[in-house]
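Participant: Given next are the chains, with one letter for each unit.
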Amino acid sequence: MNDELSIDWTVDELMITALSATLDNNDQACNGMASFIPVIAFQLARLTHAPDLVWVASAIGLDARPERVPASTLEAPLWRDSVMYLEQYSTFWDIVLNGSWLQKFCVGAAQLDRYGNGNNSVIGDDYHRPKVRLPGTAGLGDMGSIGKRLFFWNPNHNPRSFVEKVDFVSCAGWLGGGDEREELGLTGGPELVITNLCVMDFHPETKHMRLKSVHPGVTTEEVQEATGFELLIEGSSVPETVVPTVEQVGLIRDVIDPDGMRLREFGR
Amino acid sequence: MPEEKLTSIREAIGMVPDGATVAIQNMATQSAPMAAVRELIRQGRTGLEVVALVGGIPIDLMAAARSMDRFTGAAVSMEQFGLCQAYRNAVESGEIVVQELSETALNARLGAGARNLPFLPTRGLIGTDLIAINPDLVMISDPFGGLDVVACRALIPDVALIHCHRADRFGNLQMDPTAVWPDIGIMPKAANKVIATVEEIVDTEVLRKSPERTFLPGFMVDAVVEVPFGAHPTSFNPRYGYDTAFHQEWIAVARDPEGAELWMERYIYEPDTQEEYLDRVGGVSRLEELKRWEITS
Numbered sequence: 007m008n009d010e011l012s013i014d015w016t017v018d019e020l021m022i023t024a025l026s027a028t029l030d031n032n033d034q035a036c037n038g039m040a041s042f043i044p045v046i047a048f049q050l051a052r053l054t055h056a057p058d059l060v061w062v063a064s065a066i067g068l069d070a071r072p073e074r075v076p077a078s079t080l081e082a083p084l085w086r087d088s089v090m091y092l093e094q095y096s097t098f099w100d101i102v103l104n105g106s107w108l109q110k111f112c113v114g115a116a117q118l119d120r121y122g123n124g125n126n127s128v129i130g131d132d133y134h135r136p137k138v139r140l141p142g143t144a145g146l147g148d149m150g151s152i153g154k155r156l157f158f159w160n161p162n163h164n165p166r167s168f169v170e171k172v173d174f175v176s177c178a179g180w181l182g183g184g185d186e187r188e189e190l191g192l193t194g195g196p197e198l199v200i201t202n203l204c205v206m207d208f209h210p211e212t213k214h215m216r217l218k219s220v221h222p223g224v225t226t227e228e229v230q231e232a233t234g235f236e237l238l239i240e241g242s243s244v245p246e247t248v249v250p251t252v253e254q255v256g257l258i259r260d261v262i263d264p265d266g267m268r269l270r271e272f273g274r
Numbered sequence: 032m033p034e035e036k037l038t039s040i041r042e043a044i045g046m047v048p049d050g051a052t053v054a055i056q057n058m059a060t061q062s063a064p065m066a067a068v069r070e071l072i073r074q075g076r077t078g079l080e081v082v083a084l085v086g087g088i089p090i091d092l093m094a095a096a097r098s099m100d101r102f103t104g105a106a107v108s109m110e111q112f113g114l115c116q117a118y119r120n121a122v123e124s125g126e127i128v129v130q131e132l133s134e135t136a137l138n139a140r141l142g143a144g145a146r147n148l149p150f151l152p153t154r155g156l157i158g159t160d161l162i163a164i165n166p167d168l169v170m171i172s173d174p175f176g177g178l179d180v181v182a183c184r185a186l187i188p189d190v191a192l193i194h195c196h197r198a199d200r201f202g203n204l205q206m207d208p209t210a211v212w213p214d215i216g217i218m219p220k221a222a223n224k225v226i227a228t229v230e231e232i233v234d235t236e237v238l239r240k241s242p243e244r245t246f247l248p249g250f251m252v253d254a255v256v257e258v259p260f261g262a263h264p265t266s267f268n269p270r271y272g273y274d275t276a277f278h279q280e281w282i283a284v285a286r287d288p289e290g291a292e293l294w295m296e297r298y299i300y301e302p303d304t305q306e307e308y309l310d311r312v313g314g315v316s317r318l319e320e321l322k323r324w325e326i327t328s
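Protein sequence lines correspond, in order, to chains A and B.
According to our numbering, numbering within the first sequence proceeds without interruption in unit steps and concludes at 274.
According to our numbering, numbering within the second sequence proceeds without interruption in unit steps and concludes at 328.
Only chain A is shown next, with the shape it has when bound in the complex (with noise of 0.2 Å):
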């Protein structure tokens, strides 16, 4: 294997190689809507170290092979080469609710907070007259709640997207943090959160969002003014975040993407 390091990698290649690191060769991993980012990490663990991941495209599409990324990660162009197709209702949660399967969810959410609660429902302080209406929960509600492994990716690293606590809770992280979940009888919960400026992880007991690396170029200070709340920070230096090797940029670029979607994730 080529382990040779880009020199010329961008920040959407990087979260894309920081995301796929995490899935390993026996998972299954789905997608939602407007998600190039984890739809081209998944494809990128496939033809490379994950060669037996499987994928359902969209929530639908078993083993999907796309030719390339299209401009909807929902629609048929994604799934329509597949194995098989998942009935929503029946099939796809039966499959996801059993436990054995689908541990990892890669999500998006409108607001985090310190403890990876997620909010993708209102801003505002009245959710039934809120400053602003966002999507909805969708999936999330489900699976902060039902024992998966969440890794949530955000493009835009901001300090009104990381807040000490979200304005509605729609996907429920680690609460008020310790052994909240625990007790509540969640098992699973937030893991990773991967954005254009770092990595960060959450700290065993008190499940505070801790900086696990930042991207080359990036200084802590930068984060943390980025970052609504204060992250927890160990020791005097923060290690560089991996870059993508020669061999991940060009299969990304050429193989997997090469319309560029993943740009749209950064408003491109």
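Derived by calculation from the structure, the hints in this document are not laboratory data.
Because the structure is a prediction, the values reported are computed rather than measured.
Be aware that one or more of the hints could be misleading.
What the hints assert, rightly or not - Derived pair list, reagent style DMTMM-like, types lysine to aspartate or glutamate, alpha-carbon separation capped at 20 Å:
id: 1; chain 1: A; residue 1: LYS137; chain 2: B; residue 2: ASP100
id: 2; chain 1: B; residue 1: LYS220; chain 2: A; residue 2: GLU93
id: 3; chain 1: A; residue 1: LYS171; chain 2: A; residue 2: ASP185
id: 4; chain 1: A; residue 1: LYS137; chain 2: B; residue 2: GLU126
id: 5; chain 1: B; residue 1: LYS322; chain 2: B; residue 2: ASP310
id: 6; chain 1: B; residue 1: LYS322; chain 2: A; residue 2: ASP87
id: 7; chain 1: A; residue 1: LYS137; chain 2: B; residue 2: ASP287
id: 8; chain 1: B; residue 1: LYS224; chain 2: B; residue 2: ASP189
id: 9; chain 1: A; residue 1: LYS171; chain 2: A; residue 2: GLU197
id: 10; chain 1: B; residue 1: LYS220; chain 2: A; residue 2: ASP100
id: 11; chain 1: A; residue 1: LYS171; chain 2: A; residue 2: GLU186
id: 12; chain 1: A; residue 1: LYS218; chain 2: A; residue 2: GLU197
id: 13; chain 1: A; residue 1: LYS137; chain 2: B; residue 2: GLU123
id: 14; chain 1: B; residue 1: LYS322; chain 2: A; residue 2: GLU73
Following the hints, position chain B against chain A.
Facilitator: Same frame as chain A, now just chain B:
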């Protein structure tokens, strides 16, 4: 002979009263019964509770036309085309009340409705703020001593609006292999009435050639209407893709009530037939493009 279910879109939608709970098939930009939704708006229906898993442009149009005052479902989004602005404005000003459910909670509510049960439980949503604000969700203990669960009250829509690939005149409905969301998997089974638009009406003998594609028996269906391209501008795999230009045209006017009104005159109130509507959206050349899916992939 079984009962004839074939009718016109006008008569079919005439069965839906003001204030009804209407479940519609839809997933962001996919498979919405758009001809039926346009007819609901044309007939000036008001006070509807609309149920959908993930609502897209039909929700935005019904919000703009003030057809609905409640939304019950998991999300509202047009995915790559963004948030539904008319819906969003109506929710933010308190005109539309949202009952936000996770996917398993919506499935449980509909599943209970379909099976004549008071509720079905889920383990989703536990720990979120969505339970306390919703009178149709209650935490209950497991009678067998396990962990608590969320009881999701049965939801029985007055009517389900769906779009399918084909049917015979007796309402036996077929779908070709494609994504199957709860709106086909469970919604029509929970609803008191089912109104289906279809791409084509065929002889029953045609259904016999692929009975595995028939998903709902005619006796559960109240009305069936032939409407080619009945899901436009949403996609209807494998027949046609979503209409990017049409979605963008709507988004450009959706924030502005006057612009939205003019747009709706042109595409909803004025065209008397599906043919006229299809002419206005670009006619044969646009439809041929959509059939190739190329501009959407």
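Participant: For every hint, state whether the structure bears it out.
Facilitator: Results of checking the hints against the structure:
Among the hinted pairs, A:LYS137 with B:ASP100 is consistent with the structure: their alpha-carbon atoms are about 18 Å apart, no more than 20 Å. Simply put, B:LYS220 and A:GLU93 have alpha-carbon atoms about 15 Å apart, close enough for the 20 Å limit, and the pair holds. Straight-line distance between C-alpha atoms of A:LYS171 and A:ASP185 comes to about 18 Å, which keeps the hinted pair within the 20 Å bound. With a CA separation close to 14 Å, the supplied pair A:LYS137 and B:GLU126 stays within the 20 Å bound.
Of the pairs offered as hints, the one joining B:LYS322 and B:ASP310 holds, with about 16 Å between alpha carbons and a cut-off of 20 Å not exceeded. At most 20 Å may separate the alpha-carbon atoms for a hinted pair to count; B:LYS322 and A:ASP87 meet this at roughly 17 Å. A threshold of 20 Å between alpha carbons decides the hint, and for A:LYS137 with B:ASP287 the separation of about 18 Å falls inside it, so the pair holds. For the suggested pair B:LYS224 and B:ASP189, the alpha carbons sit about 6 Å apart, so the restraint of at most 20 Å is met.
Between A:LYS171 and A:GLU197, the direct Cα distance comes to roughly 18 Å. Compliance with the 20 Å bound is thereby established for this hinted pair. Taken as a hint, the B:LYS220 and A:ASP100 pair is honoured in the structure, with Cα atoms around 19 Å apart against an allowance of 20 Å. Our distance criterion of 20 Å between C-alpha atoms is met by A:LYS171 and A:GLU186, whose separation comes to about 16 Å. Using a Cα cut-off of 20 Å, the hinted pair A:LYS218 and A:GLU197 holds, with the two alpha carbons roughly 11 Å apart.
Taking the CA atoms of A:LYS137 and B:GLU123, the gap is about 6 Å. The hint holds against a cut of 20 Å. Of the pairs offered as hints, the one joining B:LYS322 and A:GLU73 holds, with about 19 Å between alpha carbons and a cut-off of 20 Å not exceeded.
When each numbered hint is compared with the structure, no violation occurs for any of them.
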